[in-house]
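Colleague: Okay, here's what each chain looks like letter by letter:
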Amino acid sequence: MAEALLEVDDLTKRYGALVAVDGVSMHVQKGEVRAVIGPNGAGKTTLFHLITGVVPPTSGSVRFSGSEITRLAPHAICQRGLSRTFQLTSLFPRMSARENAMLAAQGRHRRRWMPFGGTDVFASARAAGEDALEQLGLSHVADRPAGLLSHGDQRLLEVAMAMAQHPELLLLDEPTQGLSVEETAQAVETLAQFLDKARITVLLVEHDMEVVFRLAHRITVLHRGAVIADDVPEAVKANARVQEAYLGGIE
Amino acid sequence: MQKPNPLPALGGLAVVCLLIAAPFGLPVFAMTLLTELVILGLFAMSLDLMVGYANLVSFGHAAAYGLGAYASGYMLLNSSMPLPVVVLLAALLTGGVAIGVGWVCTLATGVSFSMLTLAFAQLLYAIAFKWTSVTGGSDGLAGIPRRAGPFSITIFTSKTGFYYFALTCLIGAYFMCRALVRSPFGLVLRGIRENEAKTLVLGYNTRLYKITVIAIAYALGGLAGALYAPFAGFANTELLFWLLSGQALIMVIVGGQGTLIGPILGAAFFMLLEHQLSSYTEAWALFFGLIFIAFVLFAPEGIWGLARRAFARARAPTGARHG
Amino acid sequence: MTPRDLARMSTLALLLTQGVNALSQAALLFFLGVGLTLIFGIMRIVNFAHGTLYMLGAFIGYSLVRYTGSYWLALVLAPLTVGAIGTAFELGILRRLYRRDAHAFLMVTFGLALVTGEAVRLLWGSDALQVPPPALLSGVVFLMDEPFPVYRLFLMSFGIVVAIAIWQLLERTRLGLLIRATSQNAEMVHALGVDVKLVRSGVFGIGCGLAALGGVLAAPLVTAAHGMAATAVIDAFVIVIIGGMGSFLGSLIGALLVAFVQVFGNYYLPDFALAFMYLVMLLVLVVRPGGLLGKEA
Numbered sequence: 001m002a003e004a005l006l007e008v009d010d011l012t013k014r015y016g017a018l019v020a021v022d023g024v025s026m027h028v029q030k031g032e033v034r035a036v037i038g039p040n041g042a043g044k045t046t047l048f049h050l051i052t053g054v055v056p057p058t059s060g061s062v063r064f065s066g067s068e069i070t071r072l073a074p075h076a077i078c079q080r081g082l083s084r085t086f087q088l089t090s091l092f093p094r095m096s097a098r099e100n101a102m103l104a105a106q107g108r109h110r111r112r113w114m115p116f117g118g119t120d121v122f123a124s125a126r127a128a129g130e131d132a133l134e135q136l137g138l139s140h141v142a143d144r145p146a147g148l149l150s151h152g153d154q155r156l157l158e159v160a161m162a163m164a165q166h167p168e169l170l171l172l173d174e175p176t177q178g179l180s181v182e183e184t185a186q187a188v189e190t191l192a193q194f195l196d197k198a199r200i201t202v203l204l205v206e207h208d209m210e211v212v213f214r215l216a217h218r219i220t221v222l223h224r225g226a227v228i229a230d231d232v233p234e235a236v237k238a239n240a241r242v243q244e245a246y247l248g249g250i251e
Numbered sequence: 001m002q003k004p005n006p007l008p009a010l011g012g013l014a015v016v017c018l019l020i021a022a023p024f025g026l027p028v029f030a031m032t033l034l035t036e037l038v039i040l041g042l043f044a045m046s047l048d049l050m051v052g053y054a055n056l057v058s059f060g061h062a063a064a065y066g067l068g069a070y071a072s073g074y075m076l077l078n079s080s081m082p083l084p085v086v087v088l089l090a091a092l093l094t095g096g097v098a099i100g101v102g103w104v105c106t107l108a109t110g111v112s113f114s115m116l117t118l119a120f121a122q123l124l125y126a127i128a129f130k131w132t133s134v135t136g137g138s139d140g141l142a143g144i145p146r147r148a149g150p151f152s153i154t155i156f157t158s159k160t161g162f163y164y165f166a167l168t169c170l171i172g173a174y175f176m177c178r179a180l181v182r183s184p185f186g187l188v189l190r191g192i193r194e195n196e197a198k199t200l201v202l203g204y205n206t207r208l209y210k211i212t213v214i215a216i217a218y219a220l221g222g223l224a225g226a227l228y229a230p231f232a233g234f235a236n237t238e239l240l241f242w243l244l245s246g247q248a249l250i251m252v253i254v255g256g257q258g259t260l261i262g263p264i265l266g267a268a269f270f271m272l273l274e275h276q277l278s279s280y281t282e283a284w285a286l287f288f289g290l291i292f293i294a295f296v297l298f299a300p301e302g303i304w305g306l307a308r309r310a311f312a313r314a315r316a317p318t319g320a321r322h323g
Numbered sequence: 001m002t003p004r005d006l007a008r009m010s011t012l013a014l015l016l017t018q019g020v021n022a023l024s025q026a027a028l029l030f031f032l033g034v035g036l037t038l039i040f041g042i043m044r045i046v047n048f049a050h051g052t053l054y055m056l057g058a059f060i061g062y063s064l065v066r067y068t069g070s071y072w073l074a075l076v077l078a079p080l081t082v083g084a085i086g087t088a089f090e091l092g093i094l095r096r097l098y099r100r101d102a103h104a105f106l107m108v109t110f111g112l113a114l115v116t117g118e119a120v121r122l123l124w125g126s127d128a129l130q131v132p133p134p135a136l137l138s139g140v141v142f143l144m145d146e147p148f149p150v151y152r153l154f155l156m157s158f159g160i161v162v163a164i165a166i167w168q169l170l171e172r173t174r175l176g177l178l179i180r181a182t183s184q185n186a187e188m189v190h191a192l193g194v195d196v197k198l199v200r201s202g203v204f205g206i207g208c209g210l211a212a213l214g215g216v217l218a219a220p221l222v223t224a225a226h227g228m229a230a231t232a233v234i235d236a237f238v239i240v241i242i243g244g245m246g247s248f249l250g251s252l253i254g255a256l257l258v259a260f261v262q263v264f265g266n267y268y269l270p271d272f273a274l275a276f277m278y279l280v281m282l283l284v285l286v287v288r289p290g291g292l293l294g295k296e297a
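Residue numbers (our numbering), protein chains in the order written: chain A, 1 to 251; chain B, 1 to 323; chain C, 1 to 297.
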């Protein structure tokens, strides 16, 4: 079997007595769309924070493309090829959607730090940014300040910014968070088409099961920080432990 | 898409021409004021780089000014190096020290960052008092000469020559800053200003960018101080006092932060108050502080920010807004 | 006391002397810090003018002593005056900023600091001014054959008394309950029908008054001078950072810690006192940006 793009091994995060992430292991293959689901408080976003270096793990390791990224700083991890979105929309509100995407694209450019000139840097960032906007159906609002976009468009802009970085692994943290039913349906369609075309490896945290079943190749289920199922969608749907975690058991 | 507007460039050119022609038309005392304005404008503009473009509010920018002044004063008094060399060396020294200061201060953010910059300036202030052998203690350094340039170019010893040198420094610094904020580096600063957490996650080592902009801002502030010492002929602890840091911040805010030109206007406004009002009342600095509070409350974009908005509205009366 | 005098003392006497110095210094710092932390707790802003208000207290105290001859009167009136000024400032200016970002607050209180600093310079000149302590409190008492300034002992006791008073106020009175509740959840308090704005104005005034109290008390020791303000605001900030923004107990602990570091640091390494403070501040900001006991800064 080919080496997995992302290897998470026994990753654990403890906050005093509270175990937020409990020995999570998973392997994500290149080209796979992997969803991570679980009830509230299952540790999904914390897992993302651990993988992307925002929070240091208590123990365990994360390997990307064969190399260890466990304790790297967030900006260093991004440079390795992982780009992520946030559950709470985080954009540059006074900059236009295009400028948001450009800044994101510039982040992976070799000469992003140029203190003068930089026309070539800007040109390449602009191209990547506009391309990402188009893939996510945002070209028509490219010039609007990001803070003035609809909530749905803002969520998509987050994804576009991550995409503008041409990552090898895209981490999406609840992309449909806070969207209305219609907005969700639209966003999911856009994402589905885009993922079909882009053939990119994705790690997706989602609450909405419809979204998950529409987009994911494989699902990992977390419950109270630990993995209780890791399988294809049909199998997970039928899994008794998963059903119990979501539906029953007041603890 | 609008055609690029030629007016700002033409306006700028006109101002520069006036500044170059000034010594031929203005009386001596006015030239002295103008030279002081050039130096103070450079000082304020350097602070704008930190405050207006990277949201790094410094309460201790006098540290740059004082350090530059003492460095150039000391070198002019104790060596025979030509003036331009001394001034540039003093600026570089200040920038070098600022790398350390920036490294330390960026360990914190927000208010804590600001307090650290103040603490550092206070530290320098105390050192200046104690290190009498180098700084002259509470008396400071006096009798600082305006030395000739290299190759016996004596142009700087005259007031006019020195004015042109200071003006060159200001204009050079302006274009340098302008290039910086329009570069990829400048775009990153904008990102840091609007959402530092996101900028970090996008792959930028934000702390390095902050330290760099701090070093450049302090170096330019040190350049201003280094010009001040031979201009005034002395350097003392007043140049490191927190009130001066405060006045610089006021010049930036009142003039218009994030515009480079605004702070220079702020400096002009400050000097206007100082020289005009001081004949009527000793409380001119107090008025300056009150005006500052008024601007923060009612016109946070400052004089130049207001002017720019007015120009933009005049050009697009239909209300069509650019992106 | 000259260094030679100090050298001749026994270790115990030395510790006692420096201990008294440190405790009296802690009292002054406590007044500075508790005001700043109360203001932060209620309003989530750092009052940059705190140091200048401390200085203003000292100078007003000077004038009151000069013109009324009574230090005790100054001790009461100076804090009240500065507290009133603070409340007026909050009512007139700070209130307009509650919808804006934290930066605006910082700038505006900074503006207040500058205006106050210049006002002090205008009204009292640029020189340091001596403020004589009241006859009752000048002089020394002898313990273990060593002289202890009565004033310092007074400071210590007064500090303890005020600390207890504030503690009781916060824990046992309705006002204290309001203050604590507002600092934890202002919206809830508002929903319960309390005029939160009034609480804020009041607390801001009290905080400023406490700073001025520190200033009046400090004046006989350190003279009323212009360098006071910047040092005071940094000291206050360090104390509050160490103890935690918004924590009363924290400001007490912070004041004690800083005072001991300052006094003993000054004894062993007199030239490095300021560098020491800078380092302490740095250390705390780096290691525990939230302070030892506090909420988010």
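Think of the hints as simulated: they come from the structure by calculation, not from any bench. Note that the structure is a prediction, hence the values are computed from the model and not measured. Check each hint, because a few of them may be wrong.
[Unchecked claim] Partner residues are not named here, just some residues of chain C that face chain B (Cβ under 8 Å, in silico):
1) 13
2) 46
3) 91
4) 93
5) 99
6) 104
7) 151
[To be verified] Some, not all, of what chain B presents toward chain C, calculated at C-beta under 8 Å:
8) 107
9) 114
10) 208
[Unchecked claim] Non-contacting residues of chain B with respect to chain C, defined by C-beta distances greater than 12 Å in every case (computed):
11) 14
12) 15
13) 17
14) 60
15) 79
16) 119
17) 123
18) 130
19) 139
20) 143
21) 159
22) 183
23) 197
24) 215
25) 247
26) 293
C-beta: ideal position from N, C-alpha, C; glycine also.
Colleague: Now, for every hint given, state plainly whether the structure supports it.
Modeller: We went through each hint and held it up to the structure:
no., hint, verdict
1, 13, "violated, 30 Å"
2, 46, "holds, 5 Å"
3, 91, "violated, 14 Å"
4, 93, "holds, 6 Å"
5, 99, "violated, 12 Å"
6, 104, "holds, 6 Å"
7, 151, "violated, 26 Å"
8, 107, "holds, 5 Å"
9, 114, "holds, 7 Å"
10, 208, "violated, 18 Å"
11, 14, "holds, 33 Å"
12, 15, "holds, 29 Å"
13, 17, "holds, 36 Å"
14, 60, "violated, 10 Å"
15, 79, "holds, 28 Å"
16, 119, "violated, 5 Å"
17, 123, "violated, 5 Å"
18, 130, "violated, 6 Å"
19, 139, "holds, 16 Å"
20, 143, "holds, 24 Å"
21, 159, "holds, 30 Å"
22, 183, "holds, 25 Å"
23, 197, "holds, 15 Å"
24, 215, "holds, 19 Å"
25, 247, "violated, 8 Å"
26, 293, "violated, 4 Å"
Going through the hint list in order, the structure does not satisfy hints 1, 3, 5, 7, 10, 14, 16, 17, 18, 25, 26.
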